Structures are given as C-alpha cells and as structure tokens.
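Engineer: All chains, please: the whole structure from these sequences, using the hints.
If you want the building blocks of each chain, they are given just below.
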Amino acid sequence: MNLTLALFLIVVAITLVISAWAARRARTTVQFWAAGRQIKGWQNGLAIAGDYMSAASFLGIAGLIAFNGYDGFMYSVGWLVAYLTVLFLIAEPMRNTGKYTMADVLSFRMSPVPVRSAAAFSTVAVCASYMMAQMIGAGSLIKILIPTLDTNLKPYFNWEIFGTRLDPSITMVGLLMMIYVIAGGMVATTWVQIIKAVLLMGGAVLLTFLVLLHFGFNVGHFFDAIAGVKDKATGLNFTQPGILYKYGQKQVFGVDLALIDNISLGMALILGTAGLPHILMRFFTVPDGKAARASVAWAMGLIGSFYIMTTFLGFGAATLVGKANICATVVNGACVGKPNSNLAAPRLAEFLGGEFFGTTGAEFLLAFIAAVAFATILAVVAGLTLAAAGAFSHDFYVGVIRTELLHGKVSEREQVMVARITAGLVGLLSIWLAARIGATANAAALVAGVAFVIASAANLPAILFTLFWKRFNTWGAVACLVGGTVVTIWLVAIGPGWTVPAVEHPAFPLQNVGIVSIPIGFLLAIIGTYLGDRVKADRLAEVKFHEIDVRAQTGLGAEPNPVVA
Amino acid sequence: MEVAQPEPAAGEDGVHWEGLEQTDEFRELVRRRFRFVLPATIFFLVYYFLLPLGNGLAPDFMKTRVVGQVNIAYLFALSEFVMAWVLAFLYIRKANGLFDSLAAKVRARAAGGKEGTAL
Numbered sequence: 001m002n003l004t005l006a007l008f009l010i011v012v013a014i015t016l017v018i019s020a021w022a023a024r025r026a027r028t029t030v031q032f033w034a035a036g037r038q039i040k041g042w043q044n045g046l047a048i049a050g051d052y053m054s055a056a057s058f059l060g061i062a063g064l065i066a067f068n069g070y071d072g073f074m075y076s077v078g079w080l081v082a083y084l085t086v087l088f089l090i091a092e093p094m095r096n097t098g099k100y101t102m103a104d105v106l107s108f109r110m111s112p113v114p115v116r117s118a119a120a121f122s123t124v125a126v127c128a129s130y131m132m133a134q135m136i137g138a139g140s141l142i143k144i145l146i147p148t149l150d151t152n153l154k155p156y157f158n159w160e161i162f163g164t165r166l167d168p169s170i171t172m173v174g175l176l177m178m179i180y181v182i183a184g185g186m187v188a189t190t191w192v193q194i195i196k197a198v199l200l201m202g203g204a205v206l207l208t209f210l211v212l213l214h215f216g217f218n219v220g221h222f223f224d225a226i227a228g229v230k231d232k233a234t235g236l237n238f239t240q241p242g243i244l245y246k247y248g249q250k251q252v253f254g255v256d257l258a259l260i261d262n263i264s265l266g267m268a269l270i271l272g273t274a275g276l277p278h279i280l281m282r283f284f285t286v287p288d289g290k291a292a293r294a295s296v297a298w299a300m301g302l303i304g305s306f307y308i309m310t311t312f313l314g315f316g317a318a319t320l321v322g323k324a325n326i327c328a329t330v331v332n333g334a335c336v337g338k339p340n341s342n343l344a345a346p347r348l349a350e351f352l353g354g355e356f357f358g359t360t361g362a363e364f365l366l367a368f369i370a371a372v373a374f375a376t377i378l379a380v381v382a383g384l385t386l387a388a389a390g391a392f393s394h395d396f397y398v399g400v401i402r403t404e405l406l407h408g409k410v411s412e413r414e415q416v417m418v419a420r421i422t423a424g425l426v427g428l429l430s431i432w433l434a435a436r437i438g439a440t441a442n443a444a445a446l447v448a449g450v451a452f453v454i455a456s457a458a459n460l461p462a463i464l465f466t467l468f469w470k471r472f473n474t475w476g477a478v479a480c481l482v483g484g485t486v487v488t489i490w491l492v493a494i495g496p497g498w499t500v501p502a503v504e505h506p507a508f509p510l511q512n513v514g515i516v517s518i519p520i521g522f523l524l525a526i527i528g529t530y531l532g533d534r535v536k537a538d539r540l541a542e543v544k545f546h547e548i549d550v551r552a553q554t555g556l557g558a559e560p561n562p563v564v565a
Numbered sequence: 001m002e003v004a005q006p007e008p009a010a011g012e013d014g015v016h017w018e019g020l021e022q023t024d025e026f027r028e029l030v031r032r033r034f035r036f037v038l039p040a041t042i043f044f045l046v047y048y049f050l051l052p053l054g055n056g057l058a059p060d061f062m063k064t065r066v067v068g069q070v071n072i073a074y075l076f077a078l079s080e081f082v083m084a085w086v087l088a089f090l091y092i093r094k095a096n097g098l099f100d101s102l103a104a105k106v107r108a109r110a111a112g113g114k115e116g117t118a119l
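The listed protein sequences correspond, in order, to chains P and S.
Position 318, counted from 1, in the first sequence is what the working numbering calls 318; the numbers after and before it change by one each time, with no gaps.
Position 119, counted from 1, in the second sequence is what the working numbering calls 119; the numbers after and before it change by one each time, with no gaps.
One or more hints might be untrue.
What the hints assert, rightly or not - Restricting the straight-line Cα-Cα distance to at most 27 angstroms, the calculated cross-link-like pairs of lysine-lysine (DSS-like) are: (1) S/K63 with P/K250; (2) P/K143 with P/K323; (3) P/K470 with S/K105; (4) P/K290 with P/K40; (5) S/K94 with P/K470; (6) P/K409 with P/K544; (7) P/K544 with S/K105; (8) P/K232 with P/K323; (9) P/K40 with S/K105.
Think of the hints as simulated: they come from the structure by calculation, not from any bench.
Bear in mind that the values here come from a model prediction, so they are computed numbers and not experimental data.
Structural biologist: This is the structure in structure tokens:
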C-alpha cells in the first residue's frame, strides 16, 4: 500500500478514536460547546495554535517565501503580533462575560433578537469564507499527494446535487470533520487540534533541523545561498523586500499601491484574529480568566516559533529545491506542468529525506509532511464547523427563535440535539459550496483573507465597544455586524482578483480591503449608536454596561466550570 | 468616601454592579490595567506598522546588510516576534500579580455584600 495513504489512515484512525471517546463527554450543552470548561491553559494554548495554524500558514507561507522570498514572511509577522490584541483586550473579558459564543457577550447588554441574529450572520460569513478556502486546499492537496484515492473514489461520485458534482477529496474531509464535531463536540475538536499542533510543530522542527544540517548549522552559509536566489522580474534577491509587494509601480491617490495593500493586509491580520469566532470560542473552554491568559501565552510561544521556522522551510525550499522544481508531478526529476507554491514544504521534505536517508527516507518524509498537512486542515475545519454551528443553533435557534420569539424553555437534550443537527447541515453545505467554488482556484486564497477582514470590520468593533464603551447600544452593534460584513464582501467583489483572470481596471483598486472596510465597520458602530440614542431605541444597554464592565474586569459572576459528576 | 449614588438597583442576582463599579478597588484595577494596556497597544501598533512602512518607503535602508547577507529587513521582522513575546510576558506577569489581586479584592467585597450599603 502507498505509504502516504497509510499515514493518512493512521491520522484518521487516531482522530476517530478520540471522537468516540469524546462522544461520552458531549452530552450537556456546556460539554458540547465548551468542553465542560475543563480544558487546562496549556492544552487550550495548543488547541488555539492548532485552530489557527491552518494549511494556509503551513503550506501557504512556506510556499510564498519559497516563491517570493522575504515578502512572504510578512504574513507570519502579522499573525503572531495579532495575539497581542487578543491578549490585551479580548481573552479575559470574553471568558469572564461569555458562555459559548461571541453573541452571548453582546446580548448581555443588547436586545437579544437583533444582536444574536446579526452576530449569527457575521459569524457564518467569516466561517464560510475561511472554511471554503480550507476545504478547497484540502481537496487539491489530497489529489496531488494521493492521486489514487481520488481516482478510485471518482466513480462513486457520479451524481449531481443542485447541478454540482461533489468532489471525492473534499467530501472525505468534510465527512471526517462532521464526525468529530457531531459526535464529540468541543472535546473532540480540542483534542484533534492539540494532536495536530504537536504533529505540525514536530514536522516544522524536523524540517528546520534538516535544512540547517544541510548547511552544516552555519546560518551565514544559509543566508549566502538565499541571497544567491534571484527574482527574475524585479532583479531582487530573496533576502530583500519588494518581490511580492512591487513597491513604486502603481499609485492610488498619490500613495504607493503596493504599500497600501501591504498595510491593509497587516490591519486585517492583527485586528481580524481578535474577531475570529472559532478562536474566540476557545476561550470559553477554560476554567477562568487566568487560564485564558495562560492559553494565549502558550499559543503565542508555539505560533511564534512556528512562524520563525517557516522562513527556514520557505528559504530552504527556495535554495535546495528551487521554484522550478516545486510542482505536483515530477517525471525523471523534471516538473510536468506549472509550479505550485503550496507544495514547497512537501517537496522540501522529499528532498531532505532523500539527502539524508535515501529513497525510502524521501518517500517517508514526503508522506509524513503530507499527513501533517492533512491533520492540519481537519483540525481547522472542525473548529470552524463548531463555531458556525454555534451561531446557528445556540444563537439563532435557541437564543432567538425558541427563547425570545416563542418564549419557550429549551431542554439540554434538545439544545445538544439541535447543535448536532446544525453541525451536520453546516458540514454538508460547506462540502457542496467548496465543490461548487472549487473550480475557480484563484478564489481560494482570497476568501481566506476575506474572513480576517470581516472579523475585524464586523466582529471586533462589536466586541470592543460592548466591553468598553458605555453608550454603545443595539443599533450600533447591528450596524457594524451587518454593515461591516456587507461592505467587506462588496469591496472584495468589485476589487481585483475576484474573477479569474483578474480584471484590468477594477472598480476598487485594492485586493486587501481592510484599510477601507475596517474603519467603515467602526464608523458604522458609532453612527448606529448615535442614531439609536436619538430614537431612544435601547434603554437597557447603558444600564447593563456597569454589569459587563465589572464582570469583564474581575471575573465576578463568570460562568462556572461545572464539576464533573 | 462620599459617592452620590442614586437608588442602588441591584440586579436579579443580588449583586449591585454599579456600586461595585464605583469602589476604589475597582477603579484602581481599571486604572492600573489601562495604564499598561493603552501604551502597550499603541507601542505594538506603531512598531508593527513600521515594518511595512520601512519596506515600502525606505527599501534601500531596509536592504542594508548587517551580518553577511542578513539585512535589516529580516532582523526587523525577527524583532517583531521578540517584541510580541516580551510585551506578552510583561502583561501576563503584571496581570497574574497586580490585576488578579485587585480583582480578588473587588470579588471579596461583592461576596461580603457590603457594596450596596457601605457606599
């Protein structure tokens, strides 16, 4: 049997065993949504890292650096610094005031029906964009790394759903994540993320070690080699900035377009993380604010070390393998077809394995890195599915429809059942959407970026103002949640890069829309608040501020961690 | 201390939130936290955006080699990681010590049930 396939199956088997074990610990709502608030700080830190370091960061960043040199590193920097926003402003207050979802915190002060509905809308928008990118990535990865799987399954996928033929690889990933989430809820998701984080760190450390070993642990030699790699278009070498962001070429309003694009990306990265629903949700799984703080510390240590290692992977692939040799199919040592940056890390693993351990080593290391990438995607999509299901079932169905509109009491049993059903529906929907969008490959990288912008333009102002601005009210919250989401999607849709091939003169010049839509999100929150104030729409919000203020700062009255019977 | 309190509308849970918000302990907690978080946030935002600004506006300076082929651009990017870790360490040290003990005082006061009448 194919070695890669075997390692894939081992990963799958381990995660399924965990789900079966976790299923018995996912009977009540607090168990299903928040793992009974029993996750320790360091465990949660690992899980945050596992939730966060997606295939985009492992394969994507390594590939960006391998193809563009230094500029690819910019993503890594932003993704770590982002956690300072989370640590200073978000982690503890969320744990202290929230229950299962972001909307729990907002509806503390605001009218539950509009705010929960609006939060469910923005949450689903973020999760859907992020998830599609991951699923498309997973699909193409499996096709490349174990082509036999896809071709063998193809005959069984010979039917269409609403005009779209499902993709075997994507469907497999989708079904697996549905099993984790439906059976094991947050407990299973957390452990899948922890295992993935350990595997990913292990893989990165191993590759970094081998790259350095190749250069005899002489960093100077390594950098000499990197500087020897030149970009043809710009003439710059790979240690220099300016290859990906071509400064000084185009201008908008008299300012360098590449510079604005880069800063706009940075804004979305460092502000968006603090609004990502699947990351926020992780803070409800720990016993108290102090553990929430500790989990950020662990996550920052892991994420930071990992992203520093991405430079060794990316530069290593650039110097040892070379852009021309990074592609899906290699015949007799030469590439067939176009280079594919996502395969920089796997191809580097293959090269290093071959150098140090011979042919079997090459095969094994390639298979191992492929399995790590696969586990990475599974863990991230599981976290996203859980967050999206939380928005649908906990916020919208239980919070809005059953409790507020029908004035009913919802039993634990019903809540958990609805949670499982929505997780299933979210999973099915994303399988279908990913298969439908999958054809336009250009969209994959873009939609992942959109998730960060929506999170920072819609969710972040809502959370920050709820916690820290006394006058903030329901109108303001709904304005930024809905407005921020809609404006972001609209700007992306009329910008460059959405359609394939890219339009020559798009209506909006930037690919990264954060620099415009994030201020708009905050502005909408403020305007909405003043309008709501004028019509005196919301009397409770200001009164309740005192409560959330004290709770957020002190942890008084925070959701307890129930003692397991 | 004289605090002009309108009717202390204690919540359904019996906790008088607005009264607690006015206590010296709580104000001290908020002030101390603010005094750390605000400058730290401004600092990391400025420091972070200096990197893309430098790369875009002063590319020749950023390309200056420091040791061998290692240039300022790469060292600056690495220093961002160190900056983030150091700030996080400082915050957590302060929070585990000072902020937590102040928060515990506020919680103790609430548990004593004095916050409504004592004011």
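Engineer: Next, verify each hint and record whether it holds.
Structural biologist: Structure-based check of all given hints:
Proposed proximity of S/K63 and P/K250 is supported: the alpha carbons are some 21 angstroms apart, at most 27 angstroms. For the suggested pair P/K143 and P/K323, the alpha carbons sit about 21 angstroms apart, so the restraint of at most 27 angstroms is met. Taking the CA atoms of P/K470 and S/K105, the gap is near 24 angstroms; set against the 27 angstroms cutoff, the hint holds. Only pairs whose Cα atoms come within 27 angstroms are accepted, and P/K290 paired with P/K40 is accepted, the gap being roughly 10 angstroms.
Restraint check for S/K94 and P/K470: satisfied, since their Cα atoms lie roughly 26 angstroms apart, inside the 27 angstroms limit. For the hint linking P/K409 to P/K544, the alpha-carbon distance of about 23 angstroms falls within 27 angstroms, and the restraint holds. Taking the CA atoms of P/K544 and S/K105, the gap is about 22 angstroms. The hint holds against a cut of 27 angstroms. For a cut-off of 27 angstroms, the pair hint linking P/K232 to P/K323 stands: about 12 angstroms separates their Cα positions.
Our distance criterion of 27 angstroms between C-alpha atoms is met by P/K40 and S/K105, whose separation comes to about 25 angstroms.
Comparing the model with each numbered hint stated earlier shows that all of them hold.
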